[in-house]
Amino acid sequence: MLAATEPQPTSLGISGPAHVAVICVVVIGAVFLLRLLRKRQLRGKYTLLWMFVGAVALILAAFPSLLDRTARRLHIYSSPNLLFLLAIAFLLLVCVYFSWELSRLEERTRVLAEELAIQRGEQEKEEIG
Amino acid sequence: MPGTRSPRRSATLVIIPAYDEEAALPSTLDELATVRPDLDVLVVSDGSRDKTGALARAAGVAVVELPFNLGIGGALQTGFRYAVRHGYERAVQFDADGQHDPREIAQLEGGLDDGAALVIGSRFGDGTVEYRVGPARRGAMAVLRWSVNSLVHQKFTDTSSGFRAFNASLLQLFARSYPVEFMDSTESLVIAINEGFTVVEVPTRIRARSAGQPSNRHVRLVYHYLRLMVVLLSHTPMWRRSRRTPT
Chain A
1 MLAATEPQPT SLGISGPAHV AVICVVVIGA VFLLRLLRKR QLRGKYTLLW
51 MFVGAVALIL AAFPSLLDRT ARRLHIYSSP NLLFLLAIAF LLLVCVYFSW
101 ELSRLEERTR VLAEELAIQR GEQEKEEIG
Chain B
130 MPGTRSPRRS ATLVIIPAYD EEAALPSTLD ELATVRPDLD VLVVSDGSRD
180 KTGALARAAG VAVVELPFNL GIGGALQTGF RYAVRHGYER AVQFDADGQH
230 DPREIAQLEG GLDDGAALVI GSRFGDGTVE YRVGPARRGA MAVLRWSVNS
280 LVHQKFTDTS SGFRAFNASL LQLFARSYPV EFMDSTESLV IAINEGFTVV
330 EVPTRIRARS AGQPSNRHVR LVYHYLRLMV VLLSHTPMWR RSRRTPT
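First to last, the sequence lines map onto chains A and B. All residue numbers for the first sequence refer to our numbering, where the first residue is 1 and numbers rise by one. All residue numbers for the second sequence refer to our numbering, where the first residue is 130 and numbers rise by one.
Hint data in this document are derived by calculation from the structure and do not stem from the laboratory. We treat Cβ as the ideally placed atom computed from N, Cα and C, and that holds for glycine. Treat the hints with care, since some could be wrong.
To be verified - Examples of chain B residues lying across from chain A (beta carbon under 7 Å, computed):
id	residue
1	Pro-196
2	Phe-197
3	Leu-199
4	Gln-236
5	Asn-296
6	Leu-302
7	Arg-356
Next up, chain B with everything else stripped away, as it sits in the complex (with noise of 0.2 Å):
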């Protein structure tokens, strides 16, 4: 938008992208401007067909609305390119859905005061785990979990949190190129270390969605998975002509 000025009031920008969320976006935009008020919030509205954009627009926070669906990496994307247009400092991944508590955003503005360049929001870090999911589920989320693991050589116990915070260098990198493909978490875990960034993982807790369905089905979670596999892959040490020497 040439021309007019910079909206922006905080260092760190709240982004929330959101798919038709109609239902639950108006309390979580609620919640969120009660409990954080110091905070900017942007909506990258992903396509929605429903009101969602409208509703955001009308809670007084920043709207990006999307032409058509790019899915959630795009979404994100869209909302670092508008964090690093407009000067932010830091930028909170938060869910539309209400299942991340944004007294936690706290938790995770620590750990980038320490000085990580990515802080994940675990869903399993500790034993207040309010978070459930079916055996196969779990299965694949460890076999994700031990290659991730191996491939970076440091312990995650969730690697595909929704629940992220990121500093200024790290949105630089992730305005650019984002991870645009479904576990983009995992993939930019993934990369974010690769390029050096210290991250850090902040025990969470996770409430059940107040409206919504978990978004997928068997078949394209397989095939998600051979797919994240090969780009892991891709990712390994063997191919890159690396410009850091390992430590």
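Isolated chain A, as found in the complex (with noise of 0.2 Å):
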């Protein structure tokens, strides 16, 4: 990932505790997903998308002037709060689908119900009748 980076003298690499924490934190992270993922405990798909944020988190620790200069080019002033602002807005996105899946199992659990009452109620009858 991220192969070709223009040359950053400042602050290309890993500087700082923090940084070395993060990446710690992203891989730790990663090999608990996998294993909940291979216990199937957890499915691919959502496995996938907190990957997904790992990487992120791994590569803003890894060229912290990446989010500098987006936010200077954005016009905001601390890089911290652009940080902030996009995790929030895709959290935001997470609840969203979280919302529709949750609906979708819903539904689902209430035609469960609704099948199984009617075989239910046809095998009584059968065993009357």
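Put the two chains together into one complex, using the hints given.
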């Protein structure tokens, strides 16, 4: 990923303990996610979603100047604000997506209950008649 | 179905997952019944909104209708569950759209006879290829094949075939947990090998689909490839507390 990087003398590479911490958290998180996936406790699509978040965090930690330059270009004075803006927007999107999934699940549960009730009714009728 | 006796007549069950296949299903069932009248057939209608279920029932085969669409993996697992519940010793996955030749079920059965747990009918196995795919898809399939082959240390020419045979112990496993997302066949291949099952490939020919469209758009395909890569990554021995010692 990010193979072609322009020369960035000031902040290329990992600088400071915070960045190292981010990288550690992402790596541990990724291993954790993959284990959950393997044990079938997490669906592939959600693993992919959170791995994507991890990848973005990793890129930002490895190349902090990326965030600074983007913020400047968008006329946002403090680059952490850009980070928070993006994070909040992303989390909102995820929330909407989860609401959609939840609605789908509720719908399916309802259909299952209906099907089961009908089956049970028919079975009881068979047993009596 | 408590109270009803098992409808089992043969030791092998042909499982046909079908989603809105009313156009192709009757002729597929017809040919199957003509060529292999000895085999029990189960059609799993995967939340079909057309006459798939009714047509299958009219053809005299066993039918299970899911109340909503679960996708191919869910439909297959339903079939495996049915097979295990009714005491079948083997199952053959067969396509509803007529692209598989029922005469070649014998080849798959031969693989099971030789001791394999999973026999895959490969579309690229030998010279008699009747199956053509575009360059993008071919490239993607090549990457996938390479990933799978290096993961399982075994060479497969076709990891996404939908023409497969399963033995009893693999049916037990897959009746409990079968990959439910898209590209289930690739993932199940990796799972089977990781669980120590013998998987072999036999060459089969594929015919033009008699009806229906290949069911994927490109963006979705890219997403599914990414997802599958993550899934495959999760199956690398690194994360596993392995119960078996690798050879």
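Does the closest beta carbon of chain A sit nearer than 7 Å to the beta carbon of Phe-197 of chain B?
It holds, given that the least Cβ distance between Phe-197 of chain B and chain A is near 6 Å, below 7 Å.
For the hint on Arg-356 of chain B, does the least C-beta distance to chain A fall short of 7 Å?
4 Å, holds
Hint validity - Leu-302 of chain B Cβ closer than 7 Å to any chain A Cβ
Leu-302 of chain B check fails; min Cβ-Cβ to chain A is 12 Å, beyond 7 Å.
Holds or violated: the hint that Leu-199 of chain B contacts chain A, with Cβ atoms closer than 7 Å.
10 Å, violated
If you take the shortest Cβ to Cβ gap from Asn-296 of chain B to chain A, is it below 7 Å?
Since chain A brings no Cβ nearer than about 22 Å to Asn-296 of chain B, farther than 7 Å, the hint is violated.
Please verify that hint: Pro-196 of chain B, Cβ, nearest Cβ of chain A, below 7 Å or not.
5 Å, holds
Hint validity - Gln-236 of chain B Cβ closer than 7 Å to any chain A Cβ
This interface hint is violated because 32 Å lies over the 7 Å limit.
Against the hints set out earlier in the document, violations occur for numbers 3, 4, 5 and 6.
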